[in-house]
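Put chain B on the given structure of chain A with help from the hints.
Residues per chain, in single letters:
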Amino acid sequence: MKDPAAAIAVVILFSLIIYALSGGADFGGGVLDLIAFGPRARDQRRAIAEAIGPIWEANHIWMILIVVLLFSAFPVVFSAISIALVVPLNVMLIGIILRGSAFIFRRHSPPGDGRGLSWGDVFAASSVVTPVALGVIVGSIASGGVQEMPSGMMSLNVWDAWLSPFPLAIGFLTVALFTFLAAVYLTVEVQEPELKEDFRLRAVVSGIVIGLLAWFCYFLAGRGAPLIRLGLEKSSWSILFQIITAIVAIGALGALWWRRFRLARIFAVLETVFVVLGWGLSQYPYVLPPTVTFQEAAAPESVLRPLLGALLVGVVVLIPSFVFLFWVFKGQRSREKD
Amino acid sequence: MNHLLAARSQMAMSLGFHILFAAVGIALPLLMVIAEGLWLHKKDILYRELAQRWSRGAGIFFAVGAVSGTALSFELGLLWPRFMGYAGPIIGMPFSLEGFAFFLEAIFLGVYLYGWEKVSPLIHWMSGVMVLASGTASGIFVVAANAWMNSPAGFKIVNGTPVHIRPFAAMLNPAFLGQSLHMIIAAFEAVGFAVASLHAYSLLKNRRISFHQRALVISLSVAASAALLEPLSGDFLARFVAQNQPVKLAAMEGQWETERGAPLRIGGWPDSKIEKTLWAIEIPKGLSLLAYDNPNALVVGLKAFPSQDRPPVLPVHIAFQVMVACGSFLAGVALLGIVWTLRRGRLPRGRWFLLLITACGPLGFICIETGWIVTEVGRQPWIIYHVIRTAEAVTPMPGLTESFSVFTLIYIFLAFVVFLLLRKEVIGADESEPLKVAGGRP
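Chains as they are written, first to last, in the working numbering: chain A, 3 to 340; chain B, 24 to 465.
Next up, chain A with everything else stripped away, as it sits in the complex:
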């Protein structure tokens, strides 16, 4: 590997994509839980709970990996983000804690009488708040709200870095994206035809909302994140990239429309991958636009190379373990079906 800093940046982006695809879908499940309505609201909630199941806490390993890689490989960035974005980070953290606990709690407590605040409400509300905070964090980094400042000259205002239209719009875009993912996954996972239709409707609506919000963010980026806008327009490949993203998004909606749910799931996954990649590419080579490039922020090579080595060893140990886990639970189930 010629450029270890770039390699670790790629691993971070990859982890963010996996987090969005797995943990993000869990958050989206919470949003769907919040907006469950109609005659089958109770069945919808049950299907969501089954889909999230016992693995909610395992998905956060990707977020922990991002945090650890950030402070090991890009310490300046981690430090600057932790200072400037203290409010959205705390909100996200509290959201993660409350969501996980409320989810367990709800499963172990008798159903409420419909009055007052129930654990289900806490679970659903924190499922909305947490991705908003995550999106706000990404949006304020993209808009240049987070800057490395020499000590003593720090802006001591907890709101400045993130309380503006562009980061908030990215926050809502994130919620819409996660909701869309969860709804599309559920169209495949639930068996009952009526439930499939319920989640199809929600997937289509949230898919359209994503499109509208994406345009709105693009419009806001003109003032809020000029560098991102420039990055999105700067070259032929970036325009091509956006065209592909748009095609994938329309493809997902089309597949939903014709009830090709498995195909829609593939498109939805691709759409998420392209959205996160698009963000990464548009602000390349800056990690804190418009001043700090990831080369400047990187820790010395003597740190990065052993870190890459550790990642490699980790992957070598983890992949067979994952295969084993999958074989135990999914492989055997399909064998029983045969």
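Mixed in with the good hints there might be a few duds.
To be verified - Covered stretches of chain A, going by a simulated chain B footprint (3 or more residues, C-beta under 8 Å): (1) 75 to 81; (2) 302 to 315; (3) 323 to 329.
No lab work stands behind these hints: they were computed from the structure. Note that the coordinates shown come from a computational prediction; the quantities given were computed from them, not determined experimentally. Note that CB positions come from ideal geometry on N, CA and C, so glycine has one too.
Then chain B, alone, in the frame of chain A:
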């Protein structure tokens, strides 16, 4: 509340909470692996039930520990951004490895909890061994990062910035071996006694005698072995502290004067105003002998250090005394149990013994908490010993008092969640009937 104090309080609370869950995640798998091994060996179904019940507890503690661990990884940055900006690259290695160990633990715990019917008994047992190994490894990695804060190694400082970073030298720093041994053994000791205490209590109530007796024998064997090893590892670690952090040792012992033949103090109240430790029982030359193998060895006292370089003496001394007292008591109980068993071939059967074990339940965890107070408060005023002061590392952002209040509420809430889950799933789970969990064949 003072800015720095709020940050330190929030960190102390978060670590103090998480460490309980981490300890259970390390040690409970050993108990369930032993129980399942006995089931495979003796075909006694009660052992399998025991493994299943313990693994439920392990599952709950793992889940909540994952949440509080996620919180900690954020809090390191939110409270101490300048520490992380400085130290992140140097101690990133153990944290990365810990991430993978945690991942492995999650995978194999999943197999263990939900795979009783799905894999062969031997593979199931091996999964338990993997949970134990990865849990222990992640504990060792995290302690390695903390040990580095006590004995920073693997880098040089040029113009205030760390250069020539060698991540593995940093991870295997001088304090690493002593601290990780002491912590891991402490986890087995604390969890062993806590579990034994719960089962002894059930025996006192005459519930399912044969089931709880098996549980008691397994948990007490682990607890007693650890309780006898722990003073040895503590002695090893204390010698290291005497060499490398003399001011911490002086605070632990309430030693103000620099003198030859320093006494070992039991109890006592260090008073920073008059710079004396009052009302302690002093064993002449004890400290010199223990720390340096020489009754007339020179021990450096607190007064040899400027007051801005001393840790808060009172909490360090008191925490150390409490830790040693509880640890010695547990070692005594362990010795009693072992001698009795060797001479009569079984554990004592009287109610007095069950009462004694029940009472030992929280002591191991008190040792863990006070031990961490000793190592963390004893390192003050430094966050990285002799490199960065804690006051320099704290975030410049305001609002830490609010943050501390919110997190206090969150941890109270989490503790409440754990209490309810444990009562429902493990302790209160149909006391009189066997657990209704399907199982494989031996």
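Do the hints match the structure? See the list:
Under the rule that three or more residues need a Cβ within less than 8 Å of chain B, the assignment of the region 75 to 81 of chain A holds, with 5 such residues. Check on the region 302 to 315 of chain A: 8 of its residues sit with their Cβ under 8 Å from a Cβ of chain B, so the three-residue criterion for coverage holds. A count of 4 residues in the region 323 to 329 of chain A with a Cβ less than 8 Å from any Cβ of chain B is obtained; the coverage claim is therefore met, three being the minimum.
Of the numbered hints stated above, none is contradicted by the structure.
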